[in-house]
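Undergrad: One letter stands for each residue in the lines below.
Protein chains: 2
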Amino acid sequence: MEKIIGIDIGGTKINFACVQRENIISEVISCKTPDTAEEILNSLCRGIFDLIEKYDAKGIGIATAGTVDLENSKVTGSTGNLPKGYEKLELKKVFTENFKLPVLIENDANAAAFAEFKAGNAKGHLNTLTVTLGTGIGGGIIVDGKLLKGKTGAAAEVGHIPMTYEKLRKCSCGSWDCWEAYASGTGYAINAKEIAQKIPPEKRQGILKNKVISELTTYDVIEGLKNNDFFSIKVHDVWEEYLSMGFASLINIFEPESIVLSGGMAKAVNYEALNSKIKERIVIAETKLIPAQFENNAGIIGAALLLLEKL
Amino acid sequence: MEKIIGIDIGGTKINFACVQRENIISEVISCKTPDTAEEILNSLCRGIFDLIEKYDAKGIGIATAGTVDLENSKVTGSTGNLPKGYEKLELKKVFTENFKLPVLIENDANAAAFAEFKAGNAKGHLNTLTVTLGTGIGGGIIVDGKLLKGKTGAAAEVGHIPMTYEKLRKCSCGSWDCWEAYASGTGYAINAKEIAQKIPPEKRQGILKNKVISELTTYDVIEGLKNNDFFSIKVHDVWEEYLSMGFASLINIFEPESIVLSGGMAKAVNYEALNSKIKERIVIAETKLIPAQFENNAGIIGAALLLLEKL
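Residue numbers (the working numbering), protein chains in the order written: chain V, 8 to 318; chain C, 8 to 318.
Nothing false has been slipped in among the hints.
To list a few chain C residues with every Cβ distance to chain V over 10 Å, as calculated: (1) GLU9; (2) GLU45; (3) ASN49; (4) LYS95; (5) LYS107; (6) TYR226; (7) ASN235; (8) GLN300.
Below 30 Å or equal to it, Euclidean Cα-Cα: the simulated DSS-like pairs (lysine-lysine) are: (9) V:LYS286 x C:LYS177; (10) V:LYS218 x V:LYS177; (11) C:LYS174 x C:LYS286; (12) C:LYS20 x C:LYS91; (13) C:LYS284 x V:LYS177; (14) C:LYS95 x C:LYS317; (15) C:LYS284 x C:LYS295; (16) V:LYS125 x V:LYS39; (17) C:LYS153 x C:LYS20; (18) V:LYS286 x C:LYS91; (19) V:LYS317 x C:LYS125; (20) C:LYS174 x V:LYS295; (21) V:LYS91 x C:LYS286; (22) C:LYS65 x C:LYS95; (23) C:LYS153 x V:LYS81; (24) C:LYS174 x V:LYS210; (25) V:LYS177 x C:LYS174; (26) C:LYS177 x C:LYS91; (27) C:LYS158 x C:LYS125; (28) V:LYS233 x V:LYS216; (29) V:LYS177 x V:LYS200; (30) C:LYS177 x V:LYS174; (31) V:LYS153 x C:LYS295; (32) C:LYS286 x V:LYS158; (33) V:LYS205 x C:LYS205; (34) C:LYS158 x V:LYS284; (35) V:LYS95 x V:LYS153; (36) C:LYS317 x V:LYS153.
No wet-lab data here; the hints were simulated from the structure.
Everything numeric in this text was worked out from a predicted model, so none of it was measured.
Glycine is no exception: its CB is placed at the ideal position from the N, C-alpha and C atoms.
The following block holds chain V by itself, in its conformation from the complex (with noise of 0.2 Å):
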């Protein structure tokens, strides 16, 4: 089988490997994502040069935060906490060139899911998403097999559906009151500071005592929970709550073989309680929920896989 260069493009790093099926043959290499789009440009090629010298890789399979086009040839928008100027970037275009080999850039949650989907724990299931729960909220969705990529590959934006009518709490892309806004690591910490803003403060115990509020963080609550603080359990079982909305709604809607969770916060998930949850809100038959095998490395190995698909 090819071995095809894999790299993965975010706010803070870019990782490239050499990937052959779905296993990381090489060293993962990791760098700071360069301040300007043309330096980020420059790592790549550098980063790409020195891995198809070394293992005689057959393509280049690019992973990215923000919007691909249907081509997958290069970003088109929403690409957060990158560099002005990325999104005008023609990297397909300038890889093909400059390395005469076959590139494909997809978007990275819908990498990962295609890599979960393809080699992973949700392997053979032909309708399944991928849910990465971090500081905000992402999603792949693979329906018969294929990404679901929308009209323009702006599609699976899971992270943005409204959870309440009243509009109380600002998500970051700019909406009210989205899933990503209190099911993500940064809304689990808003919600624990507004439980523990309704307690008064005579009456605050265990991770609380003379805890200053607004200092509150995720951190300090899922400590809280290995001792069975009473808040932290409250602030747990809301979140949980809150999670169980939006998989609801996507499980009403794909009638997926499995979700899978993905990210940092999916490590403080109790799939039991959370799974038994989501039972009262579906009307279809139970999803199961399924940790990520490949993490990390999910979207390096997806486009990797994405492009070995196409070769």
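Fit chain C to the supplied structure of chain V, relying on the hints for placement.
TA: Just chain C, lined up with the frame of chain V:
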């Protein structure tokens, strides 16, 4: 182009017609849905026999309430107000044997979405949804030109997106606070009653004057709109806000080219007001909401077109 018998089986009536391309070329024959599964089968056989004789039709396409299996051969559940035992009928098997013609069965909301995509107001939109706003909320979803069916055929339950964290209103599905419980025709009337109850009796004006709140109907409010009744405008605005929540979810998830609105309540939609509410809640480019072309005959036409595609 071949002639196809199109049939739509609902809880209150069964409609039959002969379809050529997307056109109904016969009268639409309608009968009350019988009370037992056996009588339904007999009615269907008689109706089909008559139409085949008269039009020399080359196939049978059936749209039905309930979930239909992936092979388009029989109903498997969720038949709501159809008689007990209906889901045990081997419709495709029976009709294939009796009439020696190809038979296809599809869920009615799916068939309607296919009709709009293939020949209606969403013609050529490879990613489009048709949402039926009636007593409940139903949906059919086209992804890359194909119906989204899910693991067993039960997907596209778009009426059951949760609207709120608190469990405030029971949905007909047994779950809590589904979109359908707030934004269907039934939900509209409940919203109206709840809003009215909060107004002190001595302050009730317009359509509320001397009205028994428990007798308030969706029809009353829609009528009130024509006279710019203040209470009616408020209820309608609340409804469109709830509508916008569900549509924003669907747009953020699917990035479709269009969403087609069908059903009795679709006629009450102010597209401009609704689109502007949705715009506030989406993170991707705007999606056109458009009225349906086929309405009552969408199931008949969609089932016929689905069969034609397979011939």
